[in-house]
Amino acid sequence: MASFKKNLRRWSYNLYSIWLFTFSDIKTIIAPSTAFGLVNAIAVSLNSRAHVPSSSGIFIRTPLVAFWVWINLLPFAIDNQRQPDSIQEDLINKPWRTMPSRRLSPDAAKRIMLCLYPIAIIVSLALGNILQCIALICLGFWYNDLKGSDSSFAVRNFINACGFVCFASGAMQVAIGQHESALKLLGWWSPVVACIVFSTVQTQDMYDQRGDAVRNRKTLPLVIGDGPARWTIAIPMIMWCFFAPWLWKSSVAGYVAPVSLGLIIAARTLWKRSEKQDKTTFRFWNLWLVCVYLLPLIKATEGNLALWVV
Numbered sequence: 001m002a003s004f005k006k007n008l009r010r011w012s013y014n015l016y017s018i019w020l021f022t023f024s025d026i027k028t029i030i031a032p033s034t035a036f037g038l039v040n041a042i043a044v045s046l047n048s049r050a051h052v053p054s055s056s057g058i059f060i061r062t063p064l065v066a067f068w069v070w071i072n073l074l075p076f077a078i079d080n081q082r083q084p085d086s087i088q089e090d091l092i093n094k095p096w097r098t099m100p101s102r103r104l105s106p107d108a109a110k111r112i113m114l115c116l117y118p119i120a121i122i123v124s125l126a127l128g129n130i131l132q133c134i135a136l137i138c139l140g141f142w143y144n145d146l147k148g149s150d151s152s153f154a155v156r157n158f159i160n161a162c163g164f165v166c167f168a169s170g171a172m173q174v175a176i177g178q179h180e181s182a183l184k185l186l187g188w189w190s191p192v193v194a195c196i197v198f199s200t201v202q203t204q205d206m207y208d209q210r211g212d213a214v215r216n217r218k219t220l221p222l223v224i225g226d227g228p229a230r231w232t233i234a235i236p237m238i239m240w241c242f243f244a245p246w247l248w249k250s251s252v253a254g255y256v257a258p259v260s261l262g263l264i265i266a267a268r269t270l271w272k273r274s275e276k277q278d279k280t281t282f283r284f285w286n287l288w289l290v291c292v293y294l295l296p297l298i299k300a301t302e303g304n305l306a307l308w309v310v
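When we follow UniProt numbering, the leftmost residue of the sequence shown carries the number 1, and every step to the right adds one.
A few of these clues could be false.
No more than 25 Å apart at the CA atoms, straight line, and that leaves these computed lysine to aspartate or glutamate pairs for DMTMM-like [stated by the list, open to error]:
{"#": "1", "residue 1": "K94", "residue 2": "E180"}
{"#": "2", "residue 1": "K27", "residue 2": "E180"}
{"#": "3", "residue 1": "K94", "residue 2": "D226"}
{"#": "4", "residue 1": "K94", "residue 2": "E302"}
{"#": "5", "residue 1": "K276", "residue 2": "D150"}
{"#": "6", "residue 1": "K218", "residue 2": "E302"}
{"#": "7", "residue 1": "K279", "residue 2": "E180"}
{"#": "8", "residue 1": "K147", "residue 2": "D85"}
{"#": "9", "residue 1": "K110", "residue 2": "D150"}
{"#": "10", "residue 1": "K272", "residue 2": "D107"}
{"#": "11", "residue 1": "K147", "residue 2": "E180"}
{"#": "12", "residue 1": "K110", "residue 2": "D85"}
{"#": "13", "residue 1": "K94", "residue 2": "D145"}
{"#": "14", "residue 1": "K94", "residue 2": "D150"}
{"#": "15", "residue 1": "K279", "residue 2": "D85"}
{"#": "16", "residue 1": "K249", "residue 2": "E302"}
{"#": "17", "residue 1": "K27", "residue 2": "E302"}
{"#": "18", "residue 1": "K110", "residue 2": "D25"}
{"#": "19", "residue 1": "K94", "residue 2": "D107"}
{"#": "20", "residue 1": "K279", "residue 2": "D226"}
{"#": "21", "residue 1": "K276", "residue 2": "D85"}
{"#": "22", "residue 1": "K218", "residue 2": "D150"}
{"#": "23", "residue 1": "K110", "residue 2": "D145"}
{"#": "24", "residue 1": "K147", "residue 2": "D25"}
{"#": "25", "residue 1": "K279", "residue 2": "D107"}
It is worth saying that the hints were derived from the structure and are not from the lab.
Based on the sequences and whatever the hints tell you, model everything.
This is the structure we're talking about:
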């Protein structure tokens, strides 16, 4: 009995250590990407001739969609957080994470990462979205091992934008099954989402400036200054909160949430400048992005999605 309890504690400890690698990405990647996959799949099912499951059939795949996102995110997160520079940064920004709290050694983290990548590939092969999986592996190598996240804020934003689209379209592929291509169904919506992320994702860098400075990461606020960087967020936010619903030819209902939250984020970015306030603003940004992801579903419920899919 004592041995069983000891093993149970060890397994609980190790599983919690693994969970901590992706905890901060629930709001950024896991929840938004899962939402994108589900709502865009349902939008297609409501108003197109594509061979996709019914809305209820899509909804019951929610755990599978979330699992695909998580299993592809986990090895990337481990690879990112096991890097020496990342550990030093997290000692300042996120000391509770697995590596700075010494719950796992860098070598052990690397071994786990190398085991997880084949699992992600096998899962993706089974679910029909291997293209997104391979793209995420390549982007992760560029971001972490080739220091793409550190060398230039433009490269950093570009990799983030591509990664967001891969997670989102891959999640949608799981939701609709293998009879249709999510990338084909998404059409022009994928590059639009990429542009939105590319031009606004630096919101996450505003509250990480202390840690980013330690590792000499070339984020936008550290390169051009805190004040100018805030305008590079506020201006695109104001533009996209109106332009994204306009692209979908939305009714008033499609404008309400994106515009309201977008203007709040722009205002907070300019006037709420403490580290704690910037963290809250970034949470608003993630919520706003989900509202933007909902635009196709709002359009579908109005009975006309012809401008997107056939």
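Results for each hint:
1. K94 - E180: At roughly 41 Å apart (the allowed maximum being 25 Å), E180 and K94 break the hint.
2. K27 - E180: Given that 25 Å is the threshold and the Cα spacing comes to 28 Å, the pair is violated.
3. K94 - D226: Roughly 21 Å between the alpha carbons, so the hint for K94 and D226 holds.
4. K94 - E302: 44 Å, violated
5. K276 - D150: 23 Å, holds
6. K218 - E302: 44 Å, violated
7. K279 - E180: 38 Å, violated
8. K147 - D85: Within the cut-off at roughly 10 Å; holds.
9. K110 - D150: 20 Å, holds
10. K272 - D107: 40 Å, violated
11. K147 - E180: 35 Å, violated
12. K110 - D85: Given pair K110, D85 holds - Cα atoms ~15 Å apart, limit 25 Å.
13. K94 - D145: 21 Å, holds
14. K94 - D150: Holds, at about 18 Å.
15. K279 - D85: 22 Å, holds
16. K249 - E302: 11 Å, holds
17. K27 - E302: 29 Å, violated
18. K110 - D25: 19 Å, holds
19. K94 - D107: 20 Å, holds
20. K279 - D226: Answer holds: K279 to D226 is near 15 Å, not above 25 Å.
21. K276 - D85: 23 Å, holds
22. K218 - D150: 5 Å, holds
23. K110 - D145: Measuring from Cα to Cα gives roughly 12 Å; hence the hint holds.
24. K147 - D25: 20 Å, holds
25. K279 - D107: At roughly 31 Å apart (the allowed maximum being 25 Å), D107 and K279 break the hint.
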